Amino acid sequence: MIEIKDIHKSFGDNYVLKGISGKFEAGMNNLIIGGSGSGKTTLLKCMVGLHEPDEGYVLYDGRDFTRLTKDERIDIRKEIGMLFQNSALFDSMTVQENVMFALNMFTKQSKEEKLERVNFCLNRVNLEGKNDLYPSELSGGMKKRVGIARAISMQPKYLFVDEPNSGLDPLTSIVIDELIDEITNEYNITTVVVTHDMNSVMGIGENILFLAEGKKEWEGSNKEIAHTDNQRVNDFVFASKFAQAAKEKL
Amino acid sequence: MFTDFGRYILLLKAVFKRPEQWKIYWKNISHEMVYIGVNSLYLIGIISVFVGAVMTLQIAFQLQSDLIPKTIIGSVNRDSAILELSPTISALVLAGKIGSSISSEIGTMRVTEQIDALEIMGINAPGFLILPKIIAGVTMIPLLVIVSIALNIIGGYIGGTFSGAITGADYYRGITEGFNPFTIVVSLVKAFFFGFIITSVSAYQGYYVKGSALEVGRASTSTVVISCISILCADYVITDLLL
Ligand SMILES: Nc1ncnc2c1ncn2[C@@H]1O[C@H](COP(=O)(O)OP(=O)(O)O)[C@@H](O)[C@H]1O
Ligand SMILES: [Mg+2]
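Heads up: the protein sequence lines correspond to chains R and S, in order. The letter at position 9 of the first sequence is residue 9 when you use the working numbering, and the numbering goes up by one with no holes. The letter at position 18 of the second sequence is residue 1018 when you use the working numbering, and the numbering goes up by one with no holes.
Please keep in mind that the hints were generated in silico from the structure rather than gathered at the bench. None of these values were measured; they are calculated from a predicted model. Errors might be hidden in some of the hints.
Unchecked claim - Here are the simulated DSS-like cross-link-like pairs (lysine-lysine), alpha carbons at most 27 angstroms apart as the crow flies:
(1) R:Lys111 to S:Lys1027
(2) S:Lys1027 to R:Lys108
(3) S:Lys1023 to R:Lys114
(4) S:Lys1027 to R:Lys114
(5) S:Lys1023 to R:Lys111
(6) S:Lys1023 to R:Lys108
Said to hold, decoys possible - Computed footprint of chain R on chain S, listed as stretches where at least three residues anywhere in the stretch have a Cβ under 8 angstroms from a Cβ of chain R:
(7) 1017-1030
(8) 1109-1119
Claimed, not checked - Short derived list, chain R residues pointing at chain S, Cβ under 7 angstroms:
(9) Val48
(10) Leu50
(11) Ile74
(12) Arg77
(13) Met82
(14) Phe84
(15) Asn86
(16) Ala88
(17) Phe90
(18) Ala102
(19) Met105
For each residue, glycine too, the CB sits at the ideal point set by N, CA and C.
The task is simple: from the sequences and hints, build the whole structure.
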């Protein structure tokens, strides 16, 4: 479980996060949603330490990440996997080298053990046999899947995902969402997904945190979000004509 | 400007932290050595031969006097190659060739979040990305300068004898006469610092790119400008201190 308490963050005089608190449970898809520029990525980056919050703190199963020095964070870092918006695969490495990277850096496993783990992860994301391809030879959806394989290579307890569906067609989006959902349940991972994709929200949103103007505007599940009378949430969720038509039938 | 310099020093401090895994660093260092050293040989070679040939002709042109022995042409060409032309011209050319490619490589990794991906894993990204390049720079650029000196002197021979400005025998006597080995030391000290400047300045520019691909291009342009100016300043300081 990850807990955040009263996170504040500004860039110069751009006050982006104005005190956000929340709880993200293990074995659950926790979604952070909100419009573009509402600070979703900033919140995610504050949680994983790519940004330092100005105020507030982040607890990983009770361990205060924010107060630790860079070196002291390494232990928690090894329990964190992250899938980036544009996958952020290492261009100069093959698929296999990408997935094996953290194993090479941090474990003393034999070559066979590492290869076995890599193949297991690639299998899990349905990319068996693609070991020797380079990122430039992969489609967007395949890159995401390699990104997931890389993120789970060290058997993380925490998985962070930024916009898993950006740049993907609707079918591939659903495949990626389902993959994240399955992995979260199988390994009891605390998963935090940033998204503005309504299909994801309805599909996998077990615990949703809605950001607006730097504050937590609403919190609940995908079952509750369709029936909330919060105007901002409604405007966001039912922005498309298609969604409005669907709502009228509900 | 001063905050830039402060950030540069802080970055270097992170670069020289103890690596997580020497084995992987070694692999990267040898890779960078090939990239910086071997792949630049051809360019440095051609430039050195031509500079040597042209310098010999110019020296011969300026020393047209019966009082001065012709062998001096060879000696002057040798010393100017060792002390100034080979290290400085090589460094300026490499600032363009290697510097811009390092800064766009690291800058691209920054804007595509590859550096964030390293940091999330708990890897010291500056060390992992930059240390191998600096080590390769401070070892391979001195080696390139040695090659450049040799080719510069050979170029002088070819140019001098081909044009009839000096006979082969005079040139050969000139380059062997009154040789001071300390000049080689000065040359290598320069090459070492130039190698450090080229790799570290370009890495710094790439590492702190913000925004988009457009910024990556800008960073690599300013890398070349800043490296060239720094090389020339260092050239002056080292020459002043050692000679
Ligand atoms: N590194 C940064 N430096 C300065 N401003 C930033 C930085 N990252 C994000 N911002 C600003 O923070 C705000 C929120 O951005 P972001 O968290 O990326 O939004 P979202 O992910 O919800 O679209 C934007 O106004 C953006 O300009
Ligand atoms: Mg974002």
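Verification of the supplied hints:
Taken as a hint, the R:Lys111 and S:Lys1027 pair is honoured in the structure, with Cα atoms around 16 angstroms apart against an allowance of 27 angstroms. The suggested pairing of S:Lys1027 with R:Lys108 holds, with an alpha-carbon distance near 17 angstroms, which does not exceed 27 angstroms. Between S:Lys1023 and R:Lys114 the CA atoms are separated by roughly 16 angstroms; this keeps the pair inside 27 angstroms, and the hint holds. Taking the CA atoms of S:Lys1027 and R:Lys114, the gap is about 18 angstroms. The hint holds against a cut of 27 angstroms.
Of the supplied pair hints, the one linking S:Lys1023 and R:Lys111 holds, its CA atoms being roughly 14 angstroms apart against a limit of 27 angstroms. For the hint pairing S:Lys1023 with R:Lys108, the CA-to-CA distance comes to about 12 angstroms; that is within 27 angstroms, so the pair holds. With 3 residues having a beta carbon nearer than 8 angstroms to a beta carbon of chain R, the segment 1017-1030 of chain S meets the requirement of three or more and the stated coverage holds. For the segment 1109-1119 of chain S, the proposed coverage by chain R is satisfied: 7 residues have a C-beta within less than 8 angstroms of a C-beta in that chain, meeting the threshold of three.
Satisfaction of the interface hint for R:Val48 is found here, the shortest Cβ-Cβ separation to chain S being roughly 6 angstroms, below the 7 angstroms cut-off. Among the interface hints, the one on R:Leu50 holds; its C-beta lies about 5 angstroms from the nearest C-beta in chain S, closer than the 7 angstroms criterion. A distance limit of 7 angstroms between C-beta atoms decides the matter here; for R:Ile74 the minimum to chain S is near 4 angstroms, and the interface restraint holds. Below 7 angstroms, beta-carbon pairs count as interface contacts, and R:Arg77 has one with chain S at about 3 angstroms; its hint therefore holds.
Taking 7 angstroms as the C-beta contact cut-off toward chain S, the hint placing R:Met82 at the interface holds, the least distance being around 5 angstroms. Among the interface hints, the one on R:Phe84 holds; its C-beta lies about 5 angstroms from the nearest C-beta in chain S, closer than the 7 angstroms criterion. Evaluation of the R:Asn86 hint against chain S yields a held restraint, the C-beta minimum of about 6 angstroms falling below 7 angstroms. For R:Ala88, the suggested interface contact is upheld, since its CB lies about 4 angstroms from the closest CB of chain S, less than 7 angstroms.
Checking R:Phe90 against chain S: minimum C-beta separation of about 6 angstroms stays under 7 angstroms; hint holds. For the restraint placing R:Ala102 at the interface with chain S, the shortest Cβ-Cβ distance is roughly 5 angstroms, inside the 7 angstroms limit, so the hint holds. The criterion of a C-beta within 7 angstroms of any C-beta in chain S is met by R:Met105, whose closest approach is roughly 5 angstroms, and the hint holds.
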